[in-house]
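We have chain A; now place chain B onto it with these hints.
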Amino acid sequence: MTLLLVALGAAVGAPLRYLTDRAVQSRHDSVFPWGTFTVNVAGCLLLGFLAAHSGGSGVMALAGTGFCGALTTYSTFGYETLRLAETGARPYAVLNVVASLGAGLGAAWIGMVIAQALTGAS
Amino acid sequence: MHDPRLPADPGTRLPVDSDVELRVPEQRRELARAPWTTLGAISAGGMIGALARYGLGAAFPHDPGAFDWATFGINVSGCLLIGVLMVMITQVLRPHPLLRPFLGVGVLGGFTTFSTALVEVQKSVEDGSSGTALAYLAATLVAALAAVWTGVRLTRAIAGVRTPPRPGPDARSKVGAAEGGAR
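Those protein sequence lines, which keep their order, are chains A and B. If you're matching positions, the first sequence starts at 46 in our numbering and goes up one per residue. If you're matching positions, the second sequence starts at 17 in our numbering and goes up one per residue.
In isolation and in its complexed conformation, chain A is listed as follows:
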């Protein structure tokens, strides 16, 4: 059952990353990889929320391991950073690392705070 939930979440998360990346890229002309940045930070916010909310193992498998895991990507983030550095856009490579890690940690923290506020209120 858990396997099915993980697969189902990933079946939605992975194509949503692709579609978001396309949508973001079509709206700007910067060399900075805003598309991957967007999905990674959004995924951190949701997973931070889920980690602190403890909605049960089924919810975690579907929305956490499956959806957030497949929506976000370290391989694309790592590859883009290397390519930015290789193509002479080294400041962008550094910016990508600092902004992605900083915003990702911040988003995860905000997600946890929201979950704790909701849990405390109920």
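Since the hints were made in silico from the structure, they are not lab data. Note that the Cβ used here is the ideal one computed from N, Cα and C, for glycine as well.
Each computed SDA-like pair below joins lysine to any residue, with the alpha-carbon atoms no more than 20 angstroms apart:
1. B:Lys139 with A:His98
2. B:Lys139 with A:Ser102
3. B:Lys139 with A:Leu163
Below, a sample of chain B positions facing chain A; criterion: calculated Cβ distance under 7 angstroms:
4. Gly62
5. Tyr70
6. Cys95
7. Gly122
8. Phe130
Chain B in isolation, oriented as in the chain A frame:
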């Protein structure tokens, strides 16, 4: 149009974004040309990658606040493989149009995870293991970047791809032009 049986032009530049690069005409068109097969290939690949990640996480569990070796290994190996894949499909082979969506966007994107890695860091901080958190954040980043670099360089060396000359100061327009011109 290239004959798909011919090898790719080794002078073709690698894109910056491995998921999708709208500056590459073939990738810009792929969703309109075959929307459901493209999204289906990504979806199927994502399921395979995520299940493999889940399996490795279950096989190598970690205590709260301890170093999450499973996610570390998943992200680093996924980075090595994306480096290999991107050189192979851009500069060595002339692959099936669904190979990048399936393997790169789907399998490797679904296998590796940014959110789990960063939420692990956040949880370690909350558990009072700030040292582990910082070590995990830094180790993953350094090892992942080294892995992509190794994957790209090793594949280029083995396949005999000569590194194309560096673009000029305005990298982004030259990259786009080189991609467009080669296709």
